[in-house]
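Peer 1: So you can see what is in the structure, the chains are spelled out below.
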Amino acid sequence: MADTQRTAVHARGITKVFGKNQNAVHALRGADLEVPYGELVMLVGPSGCGKTTLISILAGILDRSDGSCEVLGVDPQHLRQGARTRWRGENIGFVFQQFNLIPALTAVENVAVPLLLLGHSRNKAIAAAEAQLDRVGLADKRRQRPTQLSGGQQQRVAIARALVHEPKFVVCDEPTSALDADNGQIVMSLFADIAVQGERALVVVTHDARIFHFADRIVRMDDGAVTDVRQQASDKTPKLHAHS
Amino acid sequence: MNRIAIKMLVGDVAKYFGILLGITFAALLITQQSSIFTGLMSRTYAFIADTSLPDLWITDPEVKYIDELEPMQSTALDRVRGVPGVEWAVPMYKSILRGRLHNGTFRSVIVVGLDDATLIGGPPKMVEGELADLRRADGVILDVVSAKTRLASWSAYDADGKPVKGATMVPMQVGDSLQINDRRAVVVGLCEVSRTFQSQPVIYTTYSRALSYAPPERKQLSLILAAASPGTDPTELAARVTATTSLRARTSDEMCWDTVMYYVKNTGIVINFGIAVLLGFLVGIAIAGQTFYNFTLDNLRYFGALKAMGGSNLLLLRMVLLQATLAGVIGYGLGVGAASLFGMQVKGSELAFRMTWHIPAISGAAVAIICALSSIVSMIKVIRLEPAVVFRG
Chain G
0 MADTQRTAVH ARGITKVFGK NQNAVHALRG ADLEVPYGEL VMLVGPSGCG KTTLISILAG
60 ILDRSDGSCE VLGVDPQHLR QGARTRWRGE NIGFVFQQFN LIPALTAVEN VAVPLLLLGH
120 SRNKAIAAAE AQLDRVGLAD KRRQRPTQLS GGQQQRVAIA RALVHEPKFV VCDEPTSALD
180 ADNGQIVMSL FADIAVQGER ALVVVTHDAR IFHFADRIVR MDDGAVTDVR QQASDKTPKL
240 HAHS
Chain H
0 MNRIAIKMLV GDVAKYFGIL LGITFAALLI TQQSSIFTGL MSRTYAFIAD TSLPDLWITD
60 PEVKYIDELE PMQSTALDRV RGVPGVEWAV PMYKSILRGR LHNGTFRSVI VVGLDDATLI
120 GGPPKMVEGE LADLRRADGV ILDVVSAKTR LASWSAYDAD GKPVKGATMV PMQVGDSLQI
180 NDRRAVVVGL CEVSRTFQSQ PVIYTTYSRA LSYAPPERKQ LSLILAAASP GTDPTELAAR
240 VTATTSLRAR TSDEMCWDTV MYYVKNTGIV INFGIAVLLG FLVGIAIAGQ TFYNFTLDNL
300 RYFGALKAMG GSNLLLLRMV LLQATLAGVI GYGLGVGAAS LFGMQVKGSE LAFRMTWHIP
360 AISGAAVAII CALSSIVSMI KVIRLEPAVV FRG
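Order-wise, the sequence lines are chains G and H. So in numbering that gives the first Met the number 0, spot 188 of the first sequence is number 187, and the numbers just go up one at a time. So in numbering that gives the first Met the number 0, spot 16 of the second sequence is number 15, and the numbers just go up one at a time.
Looking at chain G on its own, in the form it has when it is part of the complex:
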């Protein structure tokens, strides 16, 4: 049995099949995953191996076909639609590859969105969002719109948005793939500094080998299954390139 006191995610034999009969595509074939609180776990592997499908199931935005899954003590698939949406809003933080910041909103408004979705008052949400933007070093960019920010800054806003409601579990899909090497290091360093805490777990899907050193554990996947789990002593310092 998993130690639910220390384990945020406990997934066993997860399978996911898209389509039926001859058109069936097996995205996951019995994937197992444990994510302890306070750890940053990286899911790595070739494209199409099922990494994104797995975090979608863990985050409760996709139903599995088989297997068992407990995230933060509950099986999201057993929750009704409304309860599951609410559970996601309260407990899960999302960081997307393409940031998905709403272009018409300012940085601070984008960060406040998860709190507004939870029904917080606008003033309270904006105050919390400003504090979070300050933590990611973008206090002076609060009135800027996403199009006025660099890629790295946009991803930092997205991180602030993912953390503003103090989620217990954060899923990140290729958070550095749209960034240059240095910005990728800065973003991951930020993750390591402010996101990884004793009461929070992070799963990062990535292809970017340059950020592997931030991970506490690297989980390799191939063909829909976990093939290797490697615990490592993480090094949270960014490896920036020297510019001439």
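Just so you know, the hints here were simulated from the structure itself, not pulled from any lab data. Positions of the beta carbon are idealized from the N, C-alpha and C atoms, including for glycine. Accuracy of the hints is not assured; some may be wrong.
[Unchecked claim] A few chain H residues that face chain G, going by a derived Cβ cut-off under 8 Å, partial list only:
#1 M7
#2 L96
#3 G310
#4 V389
Following the hints, put chain H in place on chain G, whose structure we already have.
Peer 2: Just chain H now, with coordinates in the frame of chain G:
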């Protein structure tokens, strides 16, 4: 989240204006065309509306509307006067005759002959002279608009009878004369009347003089105007007159509707205007609907992100509905406002334009349908949206 929904809508300026353009154009076209239609229809019964005194309009049983009157025998008037509940009844002549102006040109004119004794049925407003001036020899009263336009003549003509260069229009005035059916008529007054559907000049005179203008016929009584005695219901009296005299008695309202319905049924006016209104509606759906749908498609990844982050379907639907409603209200306001401005600009011109309260209501309903149809397609897209879409590139 309402604020965010609105910011998302107005933040995409090009699409926002596209949606507004579609709705505004639809509201404008529907309101404007409906108002012109209503204006034209109200012109069909303008003569009845202008003649406010009588309660009943009594005609030959075969008459269907005010512009095609089958003459009655003059004894019909006495029969009507004998019906209990009739306070008074007076004859009226109304027909289109040919008028010849002093420059030799001919014009078709509507000649209205009023009861010699009472002059009941006269124009609603005198501009110059008095109604009683009709009792002067050969006296006629012209409608002022026609006096300035169709009955006006040029200040100078060449040998071929064409106006010379630089000639000005000279309105027909009090004291001028014309010929109606080769009989002399002298203008003794000018009046204001509502424009009629045919837009022909209206000439008022006395009943007996009108009969002298009219070609000789066995029957010459066009209309009988009657009033109900105090305490008598005009509708009941109309039924009584019909039952007693076998003539067709209608209240003023009924006569107006008979006339409107005749034009509706016997001309293509409803189809013509209906097509224009339908076109506005379809264009509204096509432009606003398509642009709104594209707007939703462009924002689908953000809706997906909101869904993933805890936004319920209900919340997202509310956002889409708010966006559609806001665009609808603004577009409707702009469209109806533009149509109203158009109406103010053409006031007093030949163009018929009458915006009753029903028209903005109908236009509002049409815009609501456009917005509903536009947003329903977008809503279906948002409801079916899998939140997992946010992880797909």
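Peer 1: Could you tell me which of the hints above the structure violates, numbers in ascending order?
Peer 2: Result: hint 2 breaks, nothing else.
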